[in-house]
Amino acid sequence: MAVAPFRACFNSTNIISTRVSLAVPSIDLVLQSENVYWRIFGANSMVQVTKVVLCLGFVDNGQSPSNPRTNIVIGGHQIEDNLLQFDLASSRLGFSSSLLFRQTICGNFNFTSVA
1 MAVAPFRACF NSTNIISTRV SLAVPSIDLV LQSENVYWRI FGANSMVQVT KVVLCLGFVD
61 NGQSPSNPRT NIVIGGHQIE DNLLQFDLAS SRLGFSSSLL FRQTICGNFN FTSVA
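Once you know that position 105 of the sequence shown is 105 in the UniProt record's numbering, the rest is easy, because the numbers rise by one and skip nothing.
Derived from the structure by calculation, the hints contain no laboratory data.
Take these hints with a grain of salt, some might be off.
Said to hold, decoys possible - Label pairs and their computed distance ranges (CB to CB):
hint	residue 1	residue 2	range
1	R7	R92	18 to 24 Å
2	D28	Q48	28 to 34 Å
3	R7	E80	32 to 38 Å
4	A4	L93	28 to 34 Å
5	V20	G75	17 to 23 Å
6	D87	I16	22 to 28 Å
7	K51	D28	27 to 33 Å
8	G76	N35	26 to 32 Å
9	M1	I27	36 to 42 Å
10	L88	T112	21 to 27 Å
11	I105	N11	24 to 30 Å
12	Q32	A89	32 to 38 Å
13	A4	L84	15 to 21 Å
14	V52	V20	20 to 26 Å
Note that CB positions come from ideal geometry on N, CA and C, so glycine has one too.
Turn these sequences into a full structure, and let the hints steer you where they fit.
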């Protein structure tokens, strides 16, 4: 049931929605150690392509690692409602998991709070 450009697609009538996400397994991107990971929840890992089809929202970037079709590894869908902070001077990335669990979104996030 693949729907281009996605390969892993599922009947969405069998997948329930929760208060903040879809009831699918989360994806952990482990960075420099097991203690440093970015957790991607269903709302950011799955794409509703039709009324009854959900697809894993990651696209294969090609067969050859030395010549991929695209250099985007994490796309806009995965980072939606996640707070990212790029520290270019230190070559560091700060990130949150979904802000939906904090009952907010990027559009109304209070950047002046200390939380």
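For A4 and L93, compare the CB-CB distance with the range 28 to 34 Å and indicate the outcome.
For L93 against A4, whose Cβ atoms are near 31 Å apart, the range 28 to 34 Å holds.
Range first: 26 to 32 Å. Now tell me if the beta carbons of G76 and N35 are that far apart.
The hint (26 to 32 Å, Cβ to Cβ) holds, given that G76 and N35 are roughly 27 Å apart.
The hint says 22 to 28 Å between D87 and I16; measuring C-beta to C-beta, is that right?
violated, 38 Å
So does R7 sit 18 to 24 Å from R92, Cβ to Cβ?
violated, 33 Å
Evaluate the given range 28 to 34 Å for the C-beta pair formed by D28 and Q48.
About 23 Å separates the Cβ atoms of D28 and Q48, which means 28 to 34 Å is violated.
For the range 20 to 26 Å, tell me whether the beta carbons of V52 and V20 fit it or not.
holds, 22 Å
Quick check: does the Cβ-Cβ distance between A4 and L84 fall within 15 to 21 Å?
violated, 28 Å
Regarding L88 and T112, is the given constraint of 21 to 27 Å on their beta-carbon distance met?
holds, 22 Å
Between the beta carbons of R7 and E80, is the distance compatible with 32 to 38 Å?
violated, 21 Å
Is it true that I105 and N11 lie within 24 to 30 Å of each other by Cβ?
holds, 28 Å
Cβ separation of V20 and G75, checked against the hinted range 17 to 23 Å
Given range 17 to 23 Å: holds, Cβ gap about 20 Å.
Range first: 32 to 38 Å. Now tell me if the beta carbons of Q32 and A89 are that far apart.
violated, 19 Å
The structure shown violates the earlier hints numbered 1, 2, 3, 6, 9, 12, 13.
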